[in-house]
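Residue numbers are given in our numbering: position 52 of the sequence shown equals residue 1365, and the series is strictly consecutive.
Please note that a few of the clues may not be correct.
[Unchecked claim] List of simulated lysine-lysine pairs, DSS-like, C-alpha gap at most 27 Å: (1) K1405 x K1418; (2) K1377 x K1338; (3) K1359 x K1330; (4) K1377 x K1330; (5) K1377 x K1359; (6) K1359 x K1338.
If you are wondering where the hints come from, they were derived from the structure by calculation, not from laboratory data. Just so you know, these numbers come straight off a predicted model, no measurement behind them.
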Amino acid sequence: MNREPDLLMNVSSLVIKTAPEHVEKVIDMLRTSGLCEVFFHDTSGKIIVTIEGRDVSEEMRKLKDIQAMAHVAAADLVYSYSEHEVMEDLRKIDSMNDPVPEALKFERPETT
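Please model the entire structure based on the sequences and the hints provided.
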């Protein structure tokens, strides 16, 4: 899993809320914006999208741009995946002499 730093992936999902009468208009704006991919929407005004970026700051810029769109009442981050953070955690695990934490190394008392 040796990837170049500029090829690492950051993906987040957002829930966007708009008035029911503006759902189609907001979806069209989102699709043409280049900021995200639209995956789901319902008639109540909820829209689910994903955003990608080179880093968290690029994703936050996209989130703010979406929040500023006309007819968007709210846009909230619900999930975020940062491959950079995962890679750092894997490096830490690989550098440990014993990857099993001490808290997991206990013997159970015998039950009778």
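Are K1359 and K1330 close enough, with their CA atoms no more than 27 Å apart?
holds, 5 Å
Assess, step by step, whether the Cα of K1377 is no farther than 27 Å from the Cα of K1359, and give holds or violated.
holds, 17 Å
With the threshold set at 27 Å, check whether the alpha-carbon distance from K1405 to K1418 stays at or below it.
With a Cα-Cα distance of about 19 Å, the restraint between K1405 and K1418 holds, given a limit of 27 Å.
With a cut-off of 27 Å on the C-alpha distance, tell me whether K1359 and K1338 pass.
holds, 13 Å
Going straight from one Cα to the other, do K1377 and K1330 come out at no more than 27 Å?
Holds - the C-alpha atoms of K1330 and K1377 are around 14 Å apart, at most 27 Å.
Hinted pair, alpha-carbon criterion (27 Å max): K1377, K1338. Please report holds or violated.
Given pair K1377, K1338 holds - Cα atoms ~19 Å apart, limit 27 Å.
In the structure shown, no violation is registered for any of the earlier numbered hints.
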